[in-house]
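Chains as they are written, first to last, in the numbering used here: chain W, 1 to 354; chain X, 1001 to 1539; chain U, 2001 to 2348.
Treat the hints as calculated values from the structure; they're not laboratory data.
Only a predicted model underlies this, so the values are computations on that prediction, with no experimental measurement involved.
For every residue, glycine included, the Cβ atom is placed at its ideal position computed from N, Cα and C.
Treat the hints with caution; some may be incorrect.
So these bits of chain U aren't anywhere near chain W, every CB distance computed over 12 Å [as the list claims (entries may be wrong)]: (1) Leu2033; (2) Arg2041; (3) Ile2056; (4) Ser2060; (5) Pro2061; (6) Glu2065; (7) Val2068; (8) Gly2236.
Coverage of chain X stretches by chain U, computed from C-beta distances (three or more under 8 Å per stretch; other residues unrestricted) [claimed, not checked]: (9) 1048–1054; (10) 1090–1102.
Just a few of them, taken from the derived set where beta-carbon distance is under 10 Å, the chain W residues facing chain U [claimed, not checked]: (11) Leu160; (12) Val174; (13) Gly185; (14) Ile195; (15) Val327; (16) Ala336.
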Amino acid sequence: MSSRLLASPEFGKRPPVRFVQLGRLAFRVNIRVLLLIGISALALVALAAWALTLGSFRLPLADVLGALTGSGTDDANFIVLDLRLPRVLVALMIGPMLAMSGAIFQGLVRNPLVSPDIIGINAGAALFAVFWIVTGRSLQWLPIVAFIGAVVAAMSIYILSWQGNISAARLILVGIGMNAVFSAGTSLLIIRADINDASRAVLWQAGSVYASTWSDVRVLLTTLIILVPSGIGLMWALRVVQLGDMTARSVGMPLERTRLALILVGCGFSAVAVSIAGPIGFVALMIPHLARMIAGPIGGGVLVFAGILGALLVLGSDMIGQHALPVTLPVGVITAALGAPYFLFLLYRMNTQL
Amino acid sequence: MTRLQAENVTLAYSNNVAVVEELSLAIADGGVTSIIGPNGCGKSTLLRALARLMTPRGGTVILDGEAIHSQPTKEVAKRLCLMPQQPDAPESITVEDLTRRGRYPHQSMLQPPTRKDQIAIERALTLTNMVELRDRSVDELSGGQRQRAWISMALAQDTPLLLLDEPTTYLDIAHQQEVLELVEKLNQEDERTIVLVLHDINNAAQVSDRVVAMRAGKIIGEGSARAVLTPERLEEVFGVPCDTVLDPDSHRLISIPRSRIDTARKLPANPIGPPLTAEKLSSGYGKQRIVTEVDLAVPKGQITAIVGPNACGKSTLLRTFARLLAPMDGVAYLDEQPVQVGPHRDLAKRLTVLAQGAVSPAGVLVEDLVAVGRYPYQRWWRQWSDADQQVVDEAIDATGIDNLRWRPIETLSGGQRQRVWLALALAQETGTLLLDEPTTFLDIAHQIEVLDLVWELNRSEGRTVVMVLHDLGQASRYADFIVAMKDGRVVAAGTPEEVITERLVADVFSVRSKIGRDPQTGSPLVLPTRNQPVAVPAG
Amino acid sequence: MAVAETDARSAWLGAMPRVTKMAALLLLTGLLLVMCLVSLRVGSIGITNDDALNAIFDYSPESYEQTVVRSLRLPRTVIGMGVGAALAVAGAAMQAATRNPLAGPSILGVNSGAAFGVVTAVFFAQITDPLYFVWFAFAGGLATSALVYGIGSVGPGGASPVKLALAGVIVSALLGSWLTALLLLDQQTLDVVRFWLVGSLAGRDLDVFYNVLPFFAIGIVGTMLIGHQLNILSMGEDTARSLGMQTGRMRLLVAVLVVLLAGASVAVAGPIGFVGLAVPHMVRSLSGPDYRWVLAYSLVVGPLLLLSADVAGRIVAKPSEVQVGIITAVVGAPFLIAIARRRRIAEL
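So here's chain W without its partners, still in its complex pose (with noise of 0.2 Å):
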């Protein structure tokens, strides 16, 4: 297990750890996450630029930068502003929604598996929304029965859970039961639609930012800024969970209520990006790892590397689902096919340890 560690140039050394105070906040920061998270936040806004010179009608970058400061051409702002910008924010949101709610529950359950695709609560989103889709009711409410859908399951499998406390293994073991059952009323509900509602519906399973619009950027600026914060805030008790129920109580956590927020604040964030864009699979469950392989253990700054890490990838998959394939796909195919070979190789790099 650790020769490899023992031989890596960092062992043993004091990482670059500050402490930071501004005004009432004090709090310690890792220098090299710091800078990872800046480095990786150059990349995104980069390929973002990219992003917005792309399309059936390509964009010089002057234009586009015109467009973004207001002084371009009438076209160049309907197609930046109009057309591409929302799609290109909602892939940079919807990308760290998912893998900072991967990260909560990864940590919280201790388990390296667990996303929240596994324990089903996209499962209830989908169910709610692909009810939505085929029994052909107005498409612009479909985001808030989606949502409904993610915390009618985030709720169920909570409280099938409690037992006097919430035990990780027992959450895994409901969840995946709870996944079960929102599957197969899906599925039944896909079998007895008609052809192009059930078409629809899988397109939406698939999950897309396909035509976003100013609205969903909005609900999803909201929901950031409110739950970022408190997820950042969480990673400090989330530390402390990591050791186990004993040490958390021995250092006085109450330990029901950190999980209770843990869970909330991991399921807002899931719920809200699959109501906006279908339950995209494999950024929940592969980021975490990246951003912990990268930066080091689970806490605030790792938190947001790994939102980064996130955006990127959900940017870089709709890219390459919209402009560099012959036929269009969905950000949510993409973004498995890439995930699960890198996860496989990871595998094949950690193979000694399990």
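Using the hints, position chains X and U against chain W.
Quick look at chains X and U alone, frame taken from chain W:
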């Protein structure tokens, strides 16, 4: 004549760091050989290789004159059997069925059980004294009975060579004696060759004809128990000086590792630690009551040890004091305030508990783990302060882990890890420290290291320390006050001299013993005597 | 030491004498026969006992009722028996080999591989006759599980249960994305396969079943024969090896048998979840921990559960019906949740 031997064996796990290097060892036929050594010296790895569970990177293991890896697995299993450390049984399997599974190497695919199988099973059950328990589920047995059930399975395998990995760990002294006597009986009456890996040197001295002392993957001493288990050799092996006491019963020398504590040092006059009391306290898990109506006053500023046989409720009592478990009845008080009342955070500033088997996710650095102890003093918006840093630094200094500060936890040895957890507890700045079996898994040197540290923490400022210990000698050496429990009740409480008597040991642990004196501190020392006199082997 | 607490009830049932176990097994077999008859009778048109029995033993083609039994009800009953038994037995074997109570036959990616095979065939080769699906499903399932096993056993540790599970999840996800892409690109493919993608016993041809019958037979007989070996394997790596078992080989054998069973099942009836996972847990409270008994009970309880679910699917949505895959998930999941709630589970 030797049937099993290792020749220049080098063993490594996947990371290519050799755990055992170029080691040669011949197991004497018909004897009991014990392999001893500090944590991580490669003794269990060597045993696995001797049982063909591991392929050596270099050298060969030879069984009956042939390389063991060139022989079919079933053939090997007819001649040699390994009982792994802490095996886990399938849920609710009966003792007899477990024993029956030991016949596997003697059976072929479709062959019905033969009379020979049944005879071997009966014999195994008889030898291990499990006949009456044969229809009981293994889950329901006590620790010692369970260990006997596993040995019974190993016996049913009917092999002349028997390899047992740490058969006495986790067992209280009565159960340890039970297992050791069984080992002697198997060797003497049944003529089996037995190889044991043991971490208790006195257990090794009691049963072995030969002792093999290992350190860092090499054998550094081999011979009769008397020749190897000398203070000089033990210091060389474990890195801790030992005293010896003559056991009046068996005339064997008992080795006692020496502490670095100064027994003359008085308790601080104004201890910071408050008293702990329990009033008619009952608690347990689910509906099962494990601690029943305990009345107890733990003196302030002293070290208290709770002792008792396996499953007597000592850990449960400790957990109830620490508010990890809610009492079913009665109240636990810390400094005359019920521990159940008020925010958890407030209790965590006054009392800390080091639970058994604490886990840490991969990659967490020592300092970060110690910093978790500051949790009760922090808020999410004020996650750190200069005061926090200072306390963490002090805790790290006090536990002597400054050189490990930036290492990930998983790269530390057991003793180092235990010190890190103690530092976490210290960083909580509490007057009371509760420890649940802080020395399990540790070899004698590390045990002494941890207990010395606990003693120092108590004597420096007068913290109230309550710890669950399973070694009675250590309990009476370090504790000012001893609480003996049995079946969920407190049987006796007082100073070591008052509590540790032959009569109490017989009552509580069901073991006959003589009480000696600790050569270093003069505290009582329990020397178990044999339940049945064992015939002296001829020759 | 809290782990050592016992569930006294299960211990008592596990220690039932052989006679009781045998009697309970016979009772369950009787129940299964009754359920077969019910399965022949219940549906959009009701059928009498006489017609049901005559259709099998004394068939007269003029009778409409008997024709229905012969052409529709009998195939699905027979297929339900075969698939139920295969999945349950495969699940028990998988749980023994991985020592993981959550393992089922689908852990090796058989279901997703089969779906992948079928969808690919429909998409690229425009095959629409379900009679041919069976081979593509079987081939896809086989190839995928071989891939999963291969990936799971790279490296020095060999095929450890955790690695297998991880590899299975990931390969399934990868194939799932491929599947979604194809289904999105072509609505016609979706229309053809969406019924297949939900496990069902309805509308499957007996010929399809006969095609894979040899695999069922080999798989079931083979697994029943290694009950004792599974007992030893379930005791853990070190114990099994020190008893002289070559655990690597044995695991591979179990994997092959499981893939045969699960592959054949999915080929005939599509992916049916939860039978393989839940049945071994259900029977354990009667059979005790001995896998020879667990397998014997699974062989009977698996078909019983599947046929009951199928019949229930026909009753709840009369005159139409709900696919059995959906019913087993809806019935099985609460069961899983009940296990999770009843047992004192150790950390995973």
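Verification of the supplied hints:
no.: 1; hint: Leu2033; in the structure: 29 Å, holds
no.: 2; hint: Arg2041; in the structure: 25 Å, holds
no.: 3; hint: Ile2056; in the structure: 31 Å, holds
no.: 4; hint: Ser2060; in the structure: 35 Å, holds
no.: 5; hint: Pro2061; in the structure: 33 Å, holds
no.: 6; hint: Glu2065; in the structure: 28 Å, holds
no.: 7; hint: Val2068; in the structure: 23 Å, holds
no.: 8; hint: Gly2236; in the structure: 16 Å, holds
no.: 9; hint: 1048–1054; in the structure: holds (count 4)
no.: 10; hint: 1090–1102; in the structure: holds (count 8)
no.: 11; hint: Leu160; in the structure: 6 Å, holds
no.: 12; hint: Val174; in the structure: 5 Å, holds
no.: 13; hint: Gly185; in the structure: 8 Å, holds
no.: 14; hint: Ile195; in the structure: 5 Å, holds
no.: 15; hint: Val327; in the structure: 6 Å, holds
no.: 16; hint: Ala336; in the structure: 3 Å, holds
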